[in-house]
Amino acid sequence: MIWRDIQQIRKTAPLVHNITNYVVMNTTANALLAIGASPVMAHALEEVEEMISLAGALVINIGTLSPAWVEAMVKAGKEAQRRKIPVVLDPVGSGATKYRTDTALMLIREIKPAMIRGNASEIKSLLRSELGTKGVDSRHVPAEVLGEAKALSRSAGCVVSVSGPEDLIVEGDNVVRVSNGHPMMSKVTGMGCTASAITGAFVAVNPSPFKAAAHAMAVMGIAGEMAAGRSAGPGSFQMNFLDILSCIQESDITQRFKIQGL
Amino acid sequence: MIWRDIQQIRKTAPLVHNITNYVVMNTTANALLAIGASPVMAHALEEVEEMISLAGALVINIGTLSPAWVEAMVKAGKEAQRRKIPVVLDPVGSGATKYRTDTALMLIREIKPAMIRGNASEIKSLLRSELGTKGVDSRHVPAEVLGEAKALSRSAGCVVSVSGPEDLIVEGDNVVRVSNGHPMMSKVTGMGCTASAITGAFVAVNPSPFKAAAHAMAVMGIAGEMAAGRSAGPGSFQMNFLDILSCIQESDITQRFKIQGL
Amino acid sequence: MIWRDIQQIRKTAPLVHNITNYVVMNTTANALLAIGASPVMAHALEEVEEMISLAGALVINIGTLSPAWVEAMVKAGKEAQRRKIPVVLDPVGSGATKYRTDTALMLIREIKPAMIRGNASEIKSLLRSELGTKGVDSRHVPAEVLGEAKALSRSAGCVVSVSGPEDLIVEGDNVVRVSNGHPMMSKVTGMGCTASAITGAFVAVNPSPFKAAAHAMAVMGIAGEMAAGRSAGPGSFQMNFLDILSCIQESDITQRFKIQGL
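Protein chains in written order, with this note's numbering: chain A, 1058 to 1319; chain B, 1058 to 1319; chain C, 1058 to 1319.
The set of hints was computed from the structure by calculation and includes no laboratory data.
Quick caveat: nothing in here was measured; it's all calculated off a predicted structure.
Be careful, since some hints might not be right.
If several chains are the same, the list does not tell them apart, and a pair holds so long as it fits within one copy or across any two.
Calculated lysine-lysine pairs in the DSSO-like style (CA-CA distance at most 30 angstroms, straight line) [unchecked claim]:
id: 1; residue 1: K1155; residue 2: K1132
id: 2; residue 1: K1155; residue 2: K1135
id: 3; residue 1: K1155; residue 2: K1169
id: 4; residue 1: K1068; residue 2: K1155
id: 5; residue 1: K1132; residue 2: K1169
id: 6; residue 1: K1207; residue 2: K1135
id: 7; residue 1: K1135; residue 2: K1268
id: 8; residue 1: K1141; residue 2: K1068
id: 9; residue 1: K1268; residue 2: K1315
id: 10; residue 1: K1207; residue 2: K1268
Start from the sequences, fold in the hints, and give me the full structure.
Pasting the structure below:
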């Protein structure tokens, strides 16, 4: 199933439209190319609706948000909704500032994403609007995160994908756990954003956002493990991660995947 | 001749002023440094005219355009024209949306670039304003692209450089074909943008935009071949490409270049 | 002392808030992660004050400035000043255009940074407001730079850190000289910006901006030497530099550091 999605991505090269943050534009575009998708970055109000009409998925990431960009996210997201093109929302840093939390909540209401992908503290912030997250990274999944992900999935009406040492993919009461991955992934900026972008490629070829999210997180984790195994640090990890994404094979998946619940 | 240009770039380190897209700012700056030029990125209306006065070339790339940036492109481009500083225009994604096509056509009219460098579908879009390109990459050069490049060269009054498995550099009826390059180049984001930036370095030291474009495409292709030969995928390709650009030697050029028509 | 700072950064992972340029957002975030700090990039007027309240240091870098971003720099900088959070200012390209020089001078007046970190021509431009710098890089430290750094330190009332073959860290009449580093560092874009970001991490854990600046420049230079020793060019240098920052050990520091005056 994972492998079928990868083959489909490589065969059809779906266009993934990203309205994302400045920090990761280059690295997420490269990850999408490496897995076989076609990335495009476009945020002008003048073109987002036309661009989304060509795309298989829209990825919205608020990592370096500002009002003009948020306006484009809403416009693109509404057009995606109208065209039934799935939207992946990455609420980067939600909880760190009120502006991020409020924007993420507004986007959920206005755009109705197919999926929200974030770390545990971001997911939590969207549930209870609590502030106090330190910055944009979260290194461990608290024990209570499953309940929070379920609650957010219900309130937002979409799949919730929470990354951490164990990734959780939740749709209502359905839960998939992915235990692939490597600690080195948290030492490279934008690996969460890359997970969201890659999820965009999978959701473009798999009609189930729930399965697409699980497959994407497994591939991220497997490529991360394989890259870490040959890397001396985060610099070489980045390089190896792209190399591996571009040539990952069925046997890599079948030998390594650690998924429960799918 | 190619080698003389490289020596001249390394010796004089021409300042190449880029108004380019967010995705490739880092990678194109690094490519310019690697070949020996001095990159600067500046887009504020408050400074583009003063910055261009220091530069040997201006590279305008619409990959993540928005109205404020387009305004800066026009302002910088007009000042470059006034000062007879050559402008390279990269119409990224022209054809994918009306906004991109219209902006590229407007820039051609207002700025009169010395050169337009794009892929086959971008070039075609500027000729007939046809829409329907899927995204921003184009993997094969259609048979009719030569005619389209000639027509654009005539209508725009400038050199047209079309990248593809075989690069075409066209000025009116004069045609150069460059057959260097490697398929892995299409798996790294921004290699076309890098070609435009590198072309900026060559046009800063060579008074003939036609020859500068051909030399730049040959060096891109040769460095791409050499990098691909030692790379396991797009991650290591990026790294090796920069390493090779920085230490490419005359013998690499003379042994590998595949240019017809120059 | 250097080693104690590194340990402290790794242990406490201070949040370093960056309002920086598009070119280096990815690479400076990765350098901060590699040394052990937590980077965040945020520039919206709606959130900069709240974000800075979570941070241990603020790094302001004008490399791709525009009025909206400058407004955010002032707002964040004033809040940092109010909260006694140290600010590192990197006046990228000051001297190249009047807009950059004027903005840097205004930021110094309005924000009162704890430290200004730039190259020799940028520092000089802030002293005499002379124009004529070619672009944003400066390859050698003129003999008179020490006097200029001292004058700027006095007029701005802060530490001045000047990078070059020999780095100078100046506070009034106190001077530290750091002779670590490698010429390959000038062939990678944003190494100066990375020095400023890393300085932000050190100033977040060391109460003396003067010592923090010296330690940061020494670590930059040592990591640069070690990376250059195993790199074929600027591409592999970038990768190795991050790998080394992430696993640099006490013995690397004690065996290599070349600091005078501390």
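Hint check:
| no. | hint | result |
| --- | --- | --- |
| 1 | K1155 / K1132 | both (22 angstroms within a copy, 17 angstroms between copies) |
| 2 | K1155 / K1135 | both (23 angstroms within a copy, 20 angstroms between copies) |
| 3 | K1155 / K1169 | both (20 angstroms within a copy, 27 angstroms between copies) |
| 4 | K1068 / K1155 | between (42 angstroms within a copy, 28 angstroms between copies) |
| 5 | K1132 / K1169 | within (12 angstroms within a copy, 34 angstroms between copies) |
| 6 | K1207 / K1135 | within (25 angstroms within a copy, 41 angstroms between copies) |
| 7 | K1135 / K1268 | within (24 angstroms within a copy, 48 angstroms between copies) |
| 8 | K1141 / K1068 | within (22 angstroms within a copy, 47 angstroms between copies) |
| 9 | K1268 / K1315 | within (14 angstroms within a copy, 48 angstroms between copies) |
| 10 | K1207 / K1268 | within (16 angstroms within a copy, 49 angstroms between copies) |
When held up to the earlier numbered hints, the structure conflicts with none and fits them all.
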